[in-house]
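Chain residues, written in single-letter form:
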Amino acid sequence: MRSYKEKSFQAITYITALTTIVLLMGIIYSLFREGIPLFGKVDVRSFLFTNSWYPTHAEPEFGAWALISGSLIVTVGALVIGIPLGLGSAIFISEIASGRMKEIAKPVIELLAGIPSVVYGLFGMAFLAPLIRQWFHLDTGLNVFSASVILGVMIVPIIASMSEDALSNVPKSIREASLALGSTKIECIFKAVIPAARSGIIGSILLGFGRAIGETMVVLMVSGGSAQIPRNIFASARPLTSTIAAEMGETVMGDLHYQSLFALAILLFAITFITNLITELVFLKRSFR
Amino acid sequence: MNKTIIIISLILTLSLITLSSFAKGNQITCTGSTTVLPVAQATAEAFMDKHPEINISVRGGGSGVGVAALQNKTADICNSSRPMKAKEISAAKSKGINPTPYAIANDAISIVVHKSNKVKNLSVDQIKKVYTGKIKNWKDLGGANLPIVIISRDVASGTFEVFNEKALAGAKVDATAQLLASNNAVVSAVSSTPGAIGYAGLGYVSDNVNVVMVNNVMPSETTTKDGSYPLARKLYMYTNGKAKGDVARFISFIQSVEGQTLVKDQGFISLN
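As you go down the protein sequences, you meet chains A and B in turn. First residue of the first sequence? That's 1 in our numbering, and the numbers climb one at a time after it. First residue of the second sequence? That's 1001 in our numbering, and the numbers climb one at a time after it.
Be a bit skeptical, because a hint or two may be false.
What the hints assert, rightly or not - Calculated cross-link-like contacts (lysine to any residue; reagent style SDA-like; alpha-carbon spacing at most 25 Å): (1) B:1136 with B:1218; (2) B:1172 with A:42; (3) B:1225 with B:1206; (4) A:172 with A:96; (5) B:1139 with A:137; (6) B:1225 with B:1253; (7) B:1134 with A:50; (8) B:1073 with A:256; (9) B:1166 with A:59; (10) A:185 with A:97; (11) B:1115 with A:134; (12) B:1115 with A:136; (13) B:1172 with A:232; (14) B:1136 with A:139; (15) B:1166 with A:60; (16) B:1085 with A:249; (17) B:1115 with A:256; (18) A:102 with A:87; (19) B:1085 with A:248; (20) B:1095 with A:96; (21) B:1136 with A:134; (22) B:1244 with B:1059; (23) B:1264 with B:1051; (24) B:1120 with B:1073; (25) B:1234 with B:1090; (26) B:1128 with B:1171; (27) A:106 with A:126.
Said to hold, decoys possible - Far from chain B, by Cβ distances over 10 Å, these chain A residues were calculated: (28) 39; (29) 51; (30) 103; (31) 187.
Derived from the structure by calculation, the hints contain no laboratory data. We put the CB at the ideal spot given by N, CA and C, even for glycine.
Chain A with its partners taken away, still in its complex shape (with noise of 0.2 Å):
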């Protein structure tokens, strides 16, 4: 009897994991079943390095360099933002914060992870954008600013409470040894801690860099939406995510505009892709350490 349901709750976990693994190779097989025939109708070369997107336009053009520089540029722009707010908090709660002020900081950053990403996107177009157009006297308050803006505060409890994991595993041995070498406690957080919990540091802040670069909602409703390349940080883009979602409701299924948005598609899985695998590398190293 004991065995029966044993091997049965092994069969069932067996199972799901299977199925995990089915979907997502199905998702995969897909996408890349539905992008790739574009490329023999177009250049991959002339897809990735040209600019002029007008997918439904009599004589249909596909570059994407102007969607991928607008990923690019809104999520590095992200990220200048999260990173200093993230680390700073992670920094705080970790090293700074008395028992009681880390118990209310810690849950409350948290809590920014769980605000879904279109009241982010509803509060950025209604109130952040006409702010910004008028302290920078902009034509527009749609452009790469305001989503960066919104994108770094969205990443900030990911790389906060990931940052503050890795600081807060620093061994004790480390902390004291520092100390009892004369260092002050900027010293010892700056030259002692932060080396120590340096993967996990990375790892948060690719994390981040992947949550941003594939944020599809925020991009849509704030980043202003122009298939051109940013001459600024003050002019609209349009990331690879907010285009598929845009044209992908209005794309006859299996014309060349349908199959351009699933080489987008593909194109941001490999970009996600990479950025997990550096992730997962990262942490490898440390465990084996």
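Given chain A, work out where chain B should sit, using these hints.
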């Protein structure tokens, strides 16, 4: 051990196959333009209240999707916010489908600007120059010295296709244009951006923006019906051959006085 796995996976696949082959009852499917969607939805509900035996399912997806559905016989009615293209008609005919149009409503695409904008009238040619990036400042159009922020719709939307054809004669929209996902998004972006110009269906225009005249004609019910407003369009339902039976009853219900009242309720303009 391995046998149980095989049996369970067999059951799973079998149940998936049976799920997908659900029988289609006595019903009308209606697919296509998201612009026509609210009209089709409202009239279908009213029609089904009167004829409980008929079941109408309405789906969106865009005009192009509707055309493809009609060609593949997966829909009885194709909703379209534009006339079918010659290419689409010949593709349908080659599959033995004979698309027949039924106009169900009128719509006008209004050009909207910010409340503070002094420009009251634009010619179609000026609109084209603005959207293709040849005119970049309102002072060239008789307004204040303010850069123009072009706001357009996503290139796959029916509203964009009609605007592109009627106002731009098929020219490419300048790459700096902001492409927004809905009529509402366009109106709200224009209302908060002093230099903005945008376009939206007449039903979506609010008091927070100014509507400009096009070729000295203000978009309205009268100017749309008499054809004097240049950016007007009709919304269509296409069927395979002449509509028959329940489909014909549904379409003539939409075209009736009662149906046209529902069309007006949705912010569009009635046929007559």
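Going through the hints against the structure:
Proposed proximity of residue 1136 of chain B and residue 1218 of chain B is supported: the alpha carbons are some 24 Å apart, at most 25 Å. At most 25 Å may separate the alpha-carbon atoms for a hinted pair to count; residue 1172 of chain B and residue 42 of chain A meet this at roughly 20 Å. Restraint check: the Cα-Cα separation between residue 1225 of chain B and residue 1206 of chain B comes to about 21 Å, which is no more than 25 Å; the hinted pair holds. The hinted pair formed by residue 172 of chain A and residue 96 of chain A meets the criterion: a straight-line CA distance of about 15 Å does not exceed 25 Å.
At roughly 18 Å between alpha-carbon atoms, residue 1139 of chain B and residue 137 of chain A fall within 25 Å of each other, so this suggested pair holds. Between residue 1225 of chain B and residue 1253 of chain B, the direct Cα distance comes to roughly 20 Å. Compliance with the 25 Å bound is thereby established for this hinted pair. The straight-line distance between the Cα atoms of residue 1134 of chain B and residue 50 of chain A is roughly 22 Å, inside the 25 Å bound, and the hint therefore holds. For a cut-off of 25 Å, the pair hint linking residue 1073 of chain B to residue 256 of chain A stands: about 21 Å separates their Cα positions.
Restraint check: the Cα-Cα separation between residue 1166 of chain B and residue 59 of chain A comes to about 18 Å, which is no more than 25 Å; the hinted pair holds. Distance restraint check for residue 185 of chain A and residue 97 of chain A: the Cα-Cα separation of roughly 13 Å lies within the 25 Å cut-off, and the hinted pair is therefore satisfied. The straight-line distance between the Cα atoms of residue 1115 of chain B and residue 134 of chain A is roughly 16 Å, inside the 25 Å bound, and the hint therefore holds. Of the pairs offered as hints, the one joining residue 1115 of chain B and residue 136 of chain A holds, with about 21 Å between alpha carbons and a cut-off of 25 Å not exceeded.
Distance check on the hinted pair: residue 1172 of chain B and residue 232 of chain A sit about 23 Å apart at the alpha-carbon level, within 25 Å; holds. Distance restraint check for residue 1136 of chain B and residue 139 of chain A: the Cα-Cα separation of roughly 12 Å lies within the 25 Å cut-off, and the hinted pair is therefore satisfied. Proximity of residue 1166 of chain B to residue 60 of chain A is assessed by CA-CA distance (about 19 Å); at most 25 Å being required, the pair is judged to hold. Restraint check for residue 1085 of chain B and residue 249 of chain A: satisfied, since their Cα atoms lie roughly 20 Å apart, inside the 25 Å limit.
For the proposed pair residue 1115 of chain B and residue 256 of chain A, the alpha carbon gap of about 40 Å is over 25 Å, so the pair is violated. Our distance criterion of 25 Å between C-alpha atoms is met by residue 102 of chain A and residue 87 of chain A, whose separation comes to about 15 Å. Between residue 1085 of chain B and residue 248 of chain A the alpha-carbon distance is near 20 Å, which keeps this suggested pair within the 25 Å criterion. A C-alpha spacing of about 73 Å is found between residue 1095 of chain B and residue 96 of chain A, which places the hinted pair above 25 Å, so the restraint is violated.
A hinted pair counts as satisfied when its Cα atoms are at most 25 Å apart, and residue 1136 of chain B with residue 134 of chain A qualifies at roughly 21 Å. A distance of roughly 21 Å separates the Cα atoms of residue 1244 of chain B and residue 1059 of chain B; the hinted pair therefore holds under the 25 Å criterion. Annotation: proposed proximity of residue 1264 of chain B to residue 1051 of chain B holds, straight-line Cα distance about 22 Å (limit 25 Å). At most 25 Å may separate the alpha-carbon atoms for a hinted pair to count; residue 1120 of chain B and residue 1073 of chain B exceed this at roughly 47 Å.
Between residue 1234 of chain B and residue 1090 of chain B, the direct Cα distance comes to roughly 21 Å. Compliance with the 25 Å bound is thereby established for this hinted pair. Taking the CA atoms of residue 1128 of chain B and residue 1171 of chain B, the gap is near 8 Å; set against the 25 Å cutoff, the hint holds. A threshold of 25 Å between alpha carbons decides the hint, and for residue 106 of chain A with residue 126 of chain A the separation of about 28 Å lies outside it, so the pair is violated. Look at residue 39 of chain A: its CB is around 21 Å from the nearest CB on chain B, clear of 10 Å, so calling it non-interface holds up.
Non-interface call for residue 51 of chain A relative to chain B: violated, since the shortest CB-CB distance, roughly 8 Å, does not exceed 10 Å. Even its closest Cβ contact with chain B, about 41 Å, leaves residue 103 of chain A beyond 10 Å, as expected for a residue assigned away from the interface. Distance to chain B confirms residue 187 of chain A as a non-interface residue, since its nearest Cβ pair spans about 49 Å, more than 10 Å.
Hint check: violations occur at hints 17, 20, 24, 27 and 29; the rest are consistent with the structure.
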